[in-house]
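Spelled out, the chains give:
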Amino acid sequence: QVSELVQFLLVKDQKKIPIKRSDILKKVIGEYKDVYSEIVNRAGRTLQQVFGLQLVEIDTKHHIYILVSTLPRTEGENLRQDDQTAKLGLLAVILSFIFMKGNSAKDGAVWEFLRRLRVHPGERHEVFGDVRKLVMEEFVRQKYLDISPIPLTDPVEFKFQWGPRAAKETSKREMLQFVAAIQGKEPSFWTSQFKEAEAQP
Amino acid sequence: ENREDMLSSKSNKLTEALEEANKLFSGVSCAREAALDAQFLVLASNLGKEKANELHSEMTAFDSPAFAEDLLTFMGLNRIEVEEKDSDNEGFSGGYLPSNAWHKLGAETEKYFRRAPSFHYMLGSFKSEPPVPRQRIERQKKATGREEKRAMPAQLKKMEESHQEATEKEVERILRLLQTHFKNDPDLPISFFDLVIDPNSFARTVENIFHVSFIIRDGFAQIKLDEDKLPIIEPVQHHEGREEDRSNLARNQAVISLSHQEWK
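These protein sequences, in sequence, are chains X and S.
For the first sequence, full-length UniProt numbering gives the first residue as 1, with consecutive numbering after it.
For the second sequence, full-length UniProt numbering gives the first residue as 1, with consecutive numbering after it.
Derived by calculation from the structure, the hints in this document are not laboratory data.
The beta carbon of each residue, even a glycine, is placed where N, CA and C say it ideally should be.
Hints are not guaranteed to be accurate.
Just a few of them, taken from the derived set where beta-carbon distance is under 10 angstroms, the chain S residues facing chain X [to be verified]:
no.	residue
1	Cys30
2	Phe62
3	Asp63
4	Leu72
5	Asn78
6	Lys111
7	Tyr121
Produce the complete structure using the sequences and hints provided.
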């Protein structure tokens, strides 16, 4: 059961959609329900020892899991670059924007910023296709972004925040370093953001 | 409606609105009005929070347009001269962004994330359960190794075969040439050199001598010296029971040397 669960988790993680406990129970555990937690624990150990991946429960109420890497990212020039790479670039831009603006940003501000990078919600993008869908649906489903409507706004406006996956896969410190690297400055240049980033373990 | 106005840190409009609401509330008598008042409070508190947020980032103002410019630069924007009167731009950079711009940026951002690499079977998967991935990958490596080795000898074999075939074909061709010639003119022996020398290629000449030597070795032709002590070649007549004859033929070995100079 353990190896089945490991495979199941690895395949489910391909699209970066968080894995529900109910799915795990249904597809893999089956009759072994009683030993569910034991199986999950062992699967987690295997994932860690064999693949360097951590099984993290990002929602303890609804029991939703994601896989996160525990190893530093290999750097190199010839690593595979695909659509996932490009999407990660877009995501990093949005996440860092949100953080630098005080951990939340209005959708209007986000889209205005993206427009400067030639990304328009209404137009089909050469690389990302339907960008609005990518940002508002895919990134949200993957738990990278948390987008909620602002009450009593008409037409409705949205608030962008980091999703739980973003919190696990990166950190304020990392995103600040990203911004600093792009702008050729030291992270401490932005004092309050720097303090906030350093405050997190 | 005056959201932006109220948000501006310089305005007290929000405070004024709150104060007015307070005043109005004292005159409220029915539920509907109270509900409106509550709605107003929610709006006001939202605005208040936003204002507070703006204050916070004011301290270390984040210049997002500058960030955008730096991002574009990193992505390899080719800034071209843009006319001043380009009204579409509204202060945005002109220029051409290469198609791999986002991939380039994405590759740079990867180091800031601990994303689990997307797992895929190297050879795709069957309906039934494939073995645990790690083993699969190792097996895959071994399999390719073996296949490569197998490919090598197969290739060599093919080459050798074609070599042999080519040689045999050549030999046969020359023999047929000889025989045809002799059939037409049985009394005229062929000068060895006339046969083998290719006036245009020394290498070809050497090859021809090589092929002729096979014919001689196998006894299909023989070389004699004519009156001028120049070698001539003629096919061997076929007698009954020629196999014995062939083995009885005196076998001589001769070395013919032909230098490049001589060939010329």
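What hints, given by number in increasing order, does this structure fail?
1, 5
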